[in-house]
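Colleague: In case you want the letters, here they are:
Number of protein chains: 2
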Amino acid sequence: MSVTAASQFTAAGISAGIKATGKPDLALVVNTGPHRVAAGVFTSNRFQAAPVVWSIDALADGRLDAVVLNSGGANACTGPDGLVDARTMAELTASAVHTSPDKVAVCSTGLIGVRLPMDAVAAGISTAAHALSPQGGPDAARAIMTTDTVSKQAVVTSEAGWTVGGMAKGAGMLAPALATMLVVVTTDAVIDATDADAALRKATGLTFDRTDSDGCMSTNDTVILMANGASGHAPDIDEFTQALTGVCGSLARQLITDAEGAKHDIEILVTHADSEADALDVARAVARSNLFKCAIFGDDPNWGRVLAAAGTSSATFDPDQVSVSFNGVTVFAQGALGEDRSLVPLVGRDVLVEIDLGAGDASATLWTNDLTYDYVKENAEYSS
Amino acid sequence: MSVTAASQFTAAGISAGIKATGKPDLALVVNTGPHRVAAGVFTSNRFQAAPVVWSIDALADGRLDAVVLNSGGANACTGPDGLVDARTMAELTASAVHTSPDKVAVCSTGLIGVRLPMDAVAAGISTAAHALSPQGGPDAARAIMTTDTVSKQAVVTSEAGWTVGGMAKGAGMLAPALATMLVVVTTDAVIDATDADAALRKATGLTFDRTDSDGCMSTNDTVILMANGASGHAPDIDEFTQALTGVCGSLARQLITDAEGAKHDIEILVTHADSEADALDVARAVARSNLFKCAIFGDDPNWGRVLAAAGTSSATFDPDQVSVSFNGVTVFAQGALGEDRSLVPLVGRDVLVEIDLGAGDASATLWTNDLTYDYVKENAEYSS
Chain A
-3 MSVTAASQFT AAGISAGIKA TGKPDLALVV NTGPHRVAAG VFTSNRFQAA
47 PVVWSIDALA DGRLDAVVLN SGGANACTGP DGLVDARTMA ELTASAVHTS
97 PDKVAVCSTG LIGVRLPMDA VAAGISTAAH ALSPQGGPDA ARAIMTTDTV
147 SKQAVVTSEA GWTVGGMAKG AGMLAPALAT MLVVVTTDAV IDATDADAAL
197 RKATGLTFDR TDSDGCMSTN DTVILMANGA SGHAPDIDEF TQALTGVCGS
247 LARQLITDAE GAKHDIEILV THADSEADAL DVARAVARSN LFKCAIFGDD
297 PNWGRVLAAA GTSSATFDPD QVSVSFNGVT VFAQGALGED RSLVPLVGRD
347 VLVEIDLGAG DASATLWTND LTYDYVKENA EYSS
Chain B
-3 MSVTAASQFT AAGISAGIKA TGKPDLALVV NTGPHRVAAG VFTSNRFQAA
47 PVVWSIDALA DGRLDAVVLN SGGANACTGP DGLVDARTMA ELTASAVHTS
97 PDKVAVCSTG LIGVRLPMDA VAAGISTAAH ALSPQGGPDA ARAIMTTDTV
147 SKQAVVTSEA GWTVGGMAKG AGMLAPALAT MLVVVTTDAV IDATDADAAL
197 RKATGLTFDR TDSDGCMSTN DTVILMANGA SGHAPDIDEF TQALTGVCGS
247 LARQLITDAE GAKHDIEILV THADSEADAL DVARAVARSN LFKCAIFGDD
297 PNWGRVLAAA GTSSATFDPD QVSVSFNGVT VFAQGALGED RSLVPLVGRD
347 VLVEIDLGAG DASATLWTND LTYDYVKENA EYSS
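So the protein sequences, as listed, match chains A and B.
Counting along the first sequence from 1, when you hit position 59 you're at 55 in the working numbering, and nothing is skipped either side.
Counting along the second sequence from 1, when you hit position 381 you're at 377 in the working numbering, and nothing is skipped either side.
Hints are computed from structural coordinates only; laboratory data are not their basis.
Remember, predicted model here, so these are calculated numbers, not experimental data.
Don't take every hint at face value.
Same chains, same label: a pair holds when it works inside one copy or across any pair of copies.
Here are the computed lysine-lysine pairs in the DSBU-like style, where the Cα-Cα straight-line distance is at most 35 Å [unchecked claim]:
| no. | residue 1 | residue 2 |
| --- | --- | --- |
| 1 | Lys198 | Lys259 |
| 2 | Lys259 | Lys99 |
| 3 | Lys373 | Lys99 |
| 4 | Lys259 | Lys373 |
| 5 | Lys15 | Lys373 |
| 6 | Lys99 | Lys19 |
| 7 | Lys15 | Lys99 |
| 8 | Lys99 | Lys198 |
| 9 | Lys373 | Lys19 |
| 10 | Lys259 | Lys15 |
| 11 | Lys259 | Lys19 |
Start from the sequences and build out the full structure, keeping to the hints where you can.
Modeller: Quick look at the structure:
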């Protein structure tokens, strides 16, 4: 599975000693051809980490041969020295896999504002290059984990014989917000750079962009797609986009389920909005309400906090036409009290909050999670 | 002190039985004249609670004789029935203090989406009216507390002999966000309705509007100013605004210090911004970063999270010109690593985070607090 599910991709994940724990912390994903098509989407944070600056340049021509990824350090906000380190990672990888540095993307995740231990990184790239294999996907997925408790992988194979597979780490949302998300997706479908870019933007827009764990945007978020055409099949662009969206959607759900400290997966469905943008605006306001997220942690269908958050949005709606339901029980109906909140079956991990704006025909779903003691604990202690 | 510090105001705070605990939950503040000037500012949430809808109408002519306040229930999102309840509170109060309902403002705080026990409220208003006294300010301040651990009061007396005094409950921010804040401020200065309104908007803009505890906007936020001219002194408008800002600023700081679960008071000072709006934009982005707020709870000067949050703003700045200091130690200097974070003296309750944008001459300060286990606990268990 993972990034080596598609033909003619190799990967490796090893312990380079970047993490003090000795856990795996360096990964390579290599496209062995025949095509070298690639596309990427990146954080919209204005403090772009050095590897993001590098990778945007590397992807400008829609071609990549390899991606080098490390956990244990974000190489973000590290100034000119950090840019040199990112470039050095690309150069060392290019040398090890026999390509040029501008065909290598770089991804880093971990603490912001700390230089990478470049001796360990250099030795690790060499070790990883020797470990590259068509079965290396799972190892690569493990080597990019930080606070993740499980590695994230997904695969979709078409009946025609082409495959899309990917790996992810982190929890959050691509634009505008997250706690560093790195994703590499590979495919052996035949696709050109323009279509690859369009498909990736559409797939991420419907998946990672609608995943908001804690509203915090990372400096390092990166999603890279590499396509080598090794299957010989050239799918219809819509069919390919659907498969890619399937892989990205699966990875996005895995991110939310493993989000730091999360005890509930929350689906916020906004219906009867005047536009899809309005629906997302309302959903995002609710997903970012700490009061709402704490209530869900406490198994409390506190719909007042849903309305208070929705009321901060600028979406078109009349408060007297709005209804809210929790797990199918309508607790607020067209501007007035609905069924008693004690009737809401709030047990188990999954929570569905539906907000009917009564304003139009558009809808959208956003995924988030609750705010828990463990989230606070992990993020109070993370760098110490 | 409090709302009865100025001459010719009476107040009371009693237990009406709205709260199951039997703690004080109903307050009256009455202006006994000679003037009846008043102004108010309210939540910008689109789901305005019934008492907010009522009070905006009552204040439209710039005149008030009394404010009735209750804790134990927000009377928000309660539909047409809730509007009737708010009107009934005004009518009962008007009858008890011998004025007309349209001269009575209503404020409620507590759980959203639950009707008030109107029998208890009615009896409570009668009891409170009999308890009105020029020494009743502290009792009134206690009766509006919900999760507050202490009551909040502030007084400024001019050398000329006029006084501004106020009370507050809650924690958060007036526009656009908070966890229900109710504030009543009284003065015996001579001031007309136009000046009272202008002074209140300026004072709240510099104080409550720059206080952001958890980024969540309430449906009930209300700040009311009543002026009776009883001192016979007509201060210069700037002098009055300064005194009013002093009282509001003191109350705002008390709100932050007593915010739910807070262990640190955080001052975010943004300097060298292109505009004051830009400075506030950056400060607000940082104040709303859960990752940053958890780090401060953990006594961790995690400046990377400050930059990651600042990078989500649309303020004018060049990332390479930005510097960040924690408690005076510059940990990020003009786009590159600064002094080691271990040098930051992060002990005690007060934390100063200074962000120098290197883009202009404007600056602004925002007050917030950390995100703690106790915040999650209080808000996971609040309504159960």
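Colleague: With 35 Å as the alpha-carbon cut-off, assign the pair Lys15 and Lys373 to within, between, both or neither.
Modeller: The answer is both: 20 Å in one copy and 33 Å across copies each meet 35 Å.
Colleague: Could you place Lys15 and Lys99 in one of the four classes (within, between, both, neither) given a Cα distance threshold of 35 Å?
Modeller: within (27 Å within a copy, 67 Å between copies)
Colleague: Is it within, between, both, or neither for Lys259 and Lys15, if the alpha carbons may be no more than 35 Å apart?
Modeller: both (27 Å within a copy, 31 Å between copies)
Colleague: When no copy is specified for Lys373 and Lys99, does a C-alpha distance of 35 Å or less occur within a copy, between copies, both, or neither?
Modeller: For Lys373 and Lys99, the Cα distance exceeds 35 Å both inside one copy (40 Å) and across copies (50 Å).
Colleague: I want to check one pair: Lys99 and Lys198. Are their C-alpha atoms no more than 35 Å apart within a copy, between two copies, both, or neither?
Modeller: Within. Shortest intra-copy distance 24 Å satisfies the 35 Å Cα cut-off; inter-copy 57 Å does not.
Colleague: Taking 35 Å as the upper bound on the Cα-Cα distance, should Lys259 and Lys373 be classified as within, between, both, or neither?
Modeller: both (14 Å within a copy, 14 Å between copies)
Colleague: Cα distance capped at 35 Å. Does Lys99 pair with Lys19 within a copy, between copies, both, or neither?
Modeller: Within one copy only: 28 Å inside a chain, 69 Å across chains, cut-off 35 Å.
Colleague: Give the relationship of Lys259 and Lys19 under a CA distance limit of 35 Å: within one copy only, between copies only, both, or neither.
Modeller: Answer is both; intra-copy 26 Å and inter-copy 34 Å each pass.
Colleague: Regarding Lys373 and Lys19, is the shortest C-alpha distance of 35 Å or less found within a copy, between copies, in both, or in neither?
Modeller: both (21 Å within a copy, 33 Å between copies)
Colleague: First find the shortest C-alpha distance between Lys198 and Lys259 inside one copy, then the shortest across copies, and answer within, between, both or neither for a cut-off of 35 Å.
Modeller: Close inside one copy (30 Å), not across copies (43 Å); limit 35 Å.
Colleague: Is it within a copy, between copies, both, or neither that the alpha carbon of Lys259 lies no farther than 35 Å from that of Lys99?
Modeller: Result: close neither inside a copy nor across copies, 41 Å intra and 49 Å inter.
Hints 2 and 3 from the earlier list are contradicted by this structure; the remaining hints agree with it.
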